[in-house]
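Just so you know, the sequences run in chain order C and W.
For the first sequence, counting from 1, position 137 maps to 136 in numbering that gives the first Met the number 0; every step adds exactly one.
For the second sequence, counting from 1, position 40 maps to 39 in numbering that gives the first Met the number 0; every step adds exactly one.
What the hints contain is simulated information worked out from the structure, not anything from laboratory work.
Nothing false has been slipped in among the hints.
Calculated lysine to aspartate or glutamate pairs in the EDC-like style (CA-CA distance at most 20 Å, straight line):
no., chain 1, residue 1, chain 2, residue 2
1, C, Lys124, W, Glu176
2, C, Lys124, W, Asp243
3, W, Lys263, W, Asp243
4, C, Lys96, W, Glu221
5, C, Lys152, C, Asp248
6, W, Lys260, W, Asp199
7, C, Lys19, W, Glu30
8, C, Lys19, W, Glu221
9, C, Lys124, W, Glu177
10, W, Lys205, C, Asp195
11, W, Lys255, W, Asp244
12, W, Lys260, C, Asp195
13, W, Lys205, C, Glu122
14, C, Lys19, W, Glu96
15, C, Lys124, W, Glu174
16, W, Lys262, C, Asp195
17, C, Lys124, W, Asp244
18, C, Lys96, W, Asp231
19, C, Lys96, C, Asp219
20, W, Lys13, W, Glu35
21, W, Lys263, C, Asp195
22, W, Lys205, W, Asp244
23, W, Lys17, C, Asp20
24, C, Lys124, W, Glu207
25, C, Lys124, W, Asp206
26, W, Lys260, W, Asp135
27, C, Lys124, W, Asp247
Output of the computed footprint for chain W on chain C, the stretches with three or more beta carbons under 8 Å from beta carbons of chain W:
no., stretch
28, 7 to 18
29, 88 to 99
30, 192 to 206
Just so you know, even glycine gets a beta-carbon here, dropped at the ideal spot from N, CA and C.
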Amino acid sequence: MADKVVRLPVVDGLGNTLRKDNWWVGPLVTFSVLSGFVVYATLRAFEGAHYAWGPYLSPLASPYFETRDLGVPLLTPAILILPFPGLFRFTCYYYRKAYYRAFALTPPACAVGGRAQGHYNGERKLLVFQNLHRYALYFALLFLVFLWHDFAKSLSWEGELGLGVGSLVIFLNCAFLTLYTTSCHSFRHLVGGSVDSYSTAPLGALRFRLWSAVSRLNVDHMAFAWISLAGVVLCDVYIRSVATGAIQDVRLL
Amino acid sequence: MAHEREGAGSSATKATLKIWRADAEVAGSGELVAYEVETYPGMVVLDAIHAVQAKQAPDLAVRWNCKAGRCGSCSAEINGKPKLLCMTRMSTFAPAEPIVVTPMKTWPLIKDLVTDVSHNYRVAKKIPPFAPRPRDADGRWRMQQEDIDRIQEFRKCIECFLCQDVCHVLRDHHETEEFVGPRFLIHLATLDMHPLDTVDRRPMIKDEFGIGYCNITRCCTEVCPEHIVLTDNGIIPLKERVADDFYDPLRWIARKLFPPKHKKRLPVLPDAEPARPLGVPAPANRAETVDAEE
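Based on the provided sequences and hints, a complete structural model is requested.
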């Protein structure tokens with residue numbers, strides 16, 4: 000392009016654009032919400048307390064492993080657990096879009112000049128590990144089992160069936176985490192996306208039906224990503240509030 | 000014309016277009032020039048450009064053909080957003096605000112709103128073509144609807160190259176020789192997912208075609224006038240397929256233990272046209288691609 004003789008309406012450079020709309024609102028909201036979540040999760044991870052009350056267990060520390068006896072400084076039950084769902088969200092195909100835009104600014108919005116011009120490698124070098132999202136998915140699927148088990152336990156009050164508001168909060172959290180996990184692009188590939196010819200592949204009809212179902216969920220993967228993120232925080236806030244005595248849990252049954 | 004009759008009269012509203020005027024053969028040229036046009040119900044930006052051509056600037060260059068969103072010729076940027084001129088209604092803009100119309104940023108400018116998109120045709124030539132398996136004994140190929148549902152979406156592509164224009168890998172980072180861009184990734188997805196195809200293009204998708212450059216920011220999907228979900232339905236499944244072959248140790252072990260029965264073959268590559276950076280003139284005369292006064 001060195002021999003270019005004409006001027007161009009837009010030149011390269013961070014933020015350079017002719018867009019007239021408020022393109023910066025989306026990345027700013029994403030930056031604020033994701034940063035807020037990271038700060039909250041970090042504070043709760045290092046707080047090391049109030050993860051459980053009665054039959055309720057916070058999703059930030061599920062499955063629960065007692066760490067006090069291990070003698071490792073700063074190690075808490077949440078620190079043991081959070082890397083797994085954290086890695087699932089970090090490598091998620093939706094969140095990648097969100098933080099590449101809002102944090103890495105590559106680019107901040109469509110047709111808006113991005114950062115790192117001349118030094119861009121995409122997901123080829125340092126970020127090539129994003130290709131292992133499927134392994135984070137395997138852990139996420141396992142964690143769903145633990146979380147639904149926690150919900151089942153939340154219905155057991157000293158051996159008897161009961162229902163509190165906390166159980167409903169945990170149920171909603173489990174439901175949205177399940178929708179988020181099963182709408183995942185890697186899950187879509189796993190259940191049938193890798194098949195070229197459903198009519199001739201082993202279990203092809205079943206895999207086509209599964210792939211079709213996950214594809215329908217996948218359309219709303221972004222929505223599930225945000226709702227489930229909020230759900231985890233709200234569930235933890237509720238259980239922490241009950242555990243610290245800030246609010247009283249209400250028994251419905 | 001009927002719409003001109005509708006627009007005539009005291010109730011006609013006016014809009015201001017700021018159109019990028021430049022000529023690659025005139026050093027230092029390039030500026031936004033304001034034109035005022037009368038608007039009428041149903042008018043699209045291409046109509047307004049034609050009105051400017053007809054009455055104010057007969058040398059204004061714009062590439063167009065069908066005026067129906069089918070040919071993909073009139074791609075440009077309107078108020079900074081990649082769009083088809085013929086599918087963008089004037090009524091979507093506030094009358095008081097000037098509408099800024101500029102050429103696609105990614106491609107070398109030829110004149111005014113016309114850019115040289117021939118790079119895309121060179122990229123297309125690099126992709127090993129569809130190679131079906133042998134016919135069945137009765138001389139036919141058979142496949143079922145569920146086998147090709149996915150790829151029919153990608154065949155809606157009209158090759159307007161708006162996705163290529165907005166892709167920051169091409170637009171900002173100018174990785175035109177290392178990355179084929181979203182339009183060709185969905186073409187590769189079409190071939191890779193095809194139930195009859197026999198060619199293994201995945202090593203090329205990973206290396207020569209540079210799928211790793213894509214960081215799935217989904218701008219290609221946002222601008223597609225055919226509403227093809229390029230990223231989620233084409234590029235991400237292709238990334239997953241590349242991960243199957245090159246990044247997944249469990250899949251690697253499984254392939255060693257249970258080799259696939261119908262392994263695809265690697266392509267036989269013809270002599271490729273030598274790479275030519277964007278902006279370097281093609282050997283052939285490109286003048287016929289510029290339609291200054293249609």
